[in-house]
Amino acid sequence: MTLLLAFLAVVLGSILALIPALMRLSSKKILNVPATAYVEIIRGTPMLVQVLLIYQLLNIPLFLIGGIDMGSFVPGLVALLINSSAYISEIIRGGIQAVDRGQTEAARSLGMSSSMTMRKIVLPQAIKNIFPALGNEFVTIIKETSIFMYLGIAELMYQVGILKANSPAVTELYIIAGLMYLLLTYPLSKLMNFVERRMHYADAK
Amino acid sequence: MQMQNKIIIVINGLSKTFKSTIHALNSVDLTVNKGEVLTIIGPSGSGKSTLLRCMNLMETPTSGTVIFEGQRLNIKDKNINQLREKMGMVFQSFNLFPHLSVLQNITLSPRLVLKMDEDTAHKMALDLLEKVGLSDKVDAFPNQLSGGQKQRVAIARALAMKPDVMLFDEPTSALDPEMVGEVLSVMRNLANAGMTMVIVTHEMAFAKEVSDRVVFMAEGQIVEIDSPEVIFIKPKEERTKIFLKRVNVF
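Each protein sequence line maps, in turn, to chains A and B. Throughout the first sequence, residue numbering follows the numbering used here, covering 1 to 205 in sequence. Throughout the second sequence, residue numbering follows the numbering used here, covering 1001 to 1250 in sequence.
Keep in mind that the hints were calculated from the coordinates and are not lab data. Do not rely on the hints blindly, as some may be mistaken.
[To be verified] Taking beta-carbon pairs under 7 Å as the criterion, some of the chain B residues facing chain A (in silico): (1) K1006; (2) I1007; (3) M1058; (4) E1059; (5) S1093; (6) N1095; (7) F1097.
Backbone N, C-alpha and C fix where the C-beta goes; we use that ideal spot for every residue, glycine too.
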């Protein structure tokens, strides 16, 4: 169950992750800004908070398909997908940026459009850079899955029920907790960005 | 070589500024005639490569115009891909596609962009490989080739798009000395076949031999344009004299 969740999260997450990755590489602000915000928010909040939020928002009743309770499986998968797609999009972005600029120039000089260049020249080479890191991400997701499996899906819903009894604003509580973590992690990831840029500069000359 | 005196590229008031401080090009005017071989020489940092790369908009000019076959190349020109098909480019660092075989490197763009069918593209690639003397490397991958072989494949790849002009950006600068000759000989054949060529190079002897006109550049400007005889033997400008004395060829 854990493996199935992790596998689906990595495979589907990789496909989904292409969208924010390409959006972040775009020079257009309309594409760039929302994708950056999405990645920063997901990376900057703990998985646990995201899972709790998704359970709260996707209130699916218990029903079984192939012995698996979809009421817990679907929200679990959605939460993992959202989480892994943000991380994987950063891996993909790094992989794409690691492809030599000369490759793009050569393809464009041959009259290929930018999307053709991306599909036929850049992505096939980027995959080689992406793969090892993707394996890493897979391991991480397995670990994360076990954490929230340990929490217990039924128990979780039970807990939320108790919380609900005490406070009418459960969703808001989760969001506030998430925001507080973001406050701590966002400056850190900005610092990482800065270091990354300095490294690129050192590489260039 | 017969000069048809038909202009293919017109550059007017071209300037390029990098990071708003470095003036790589400062108001350059230049015309390239159909069928001529134009070489651009000058000290490093003089803007030679930038000028060449502005011709097919690999670099976006800060100001000024580039007109190719009567059409202005603008930043927002939607036809830039179509115009680039007609301008082959050869890079200092070869830039072969490492995940594709030699054959695929050559046929990819003709098939995708020109919608050429597989057989025609295949035949054309074999013809081109024969011209550059690499018929035996059809199925090799770029990492199995020497620098000189890579550059010859890169030339074949550019020619596969049947360009009207070929732009060479220091095509031999990244090569070991013993491999320079094979690449220059391919370029010489191309020049003799009447291809319009713009070449940025440090190979002075080659420039003197194949050029119809030589451009000497310094500090982002064209100092002198003339026949190779004038530039290399009795240059008019002091800066040209100093440069040629420094490179110590003639």
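Going through the numbered hints above, which ones does this structure break? Give me the numbers in ascending order.
Checked against the structure, the hints that fail are numbers 1, 2 and 4, while the rest are satisfied.
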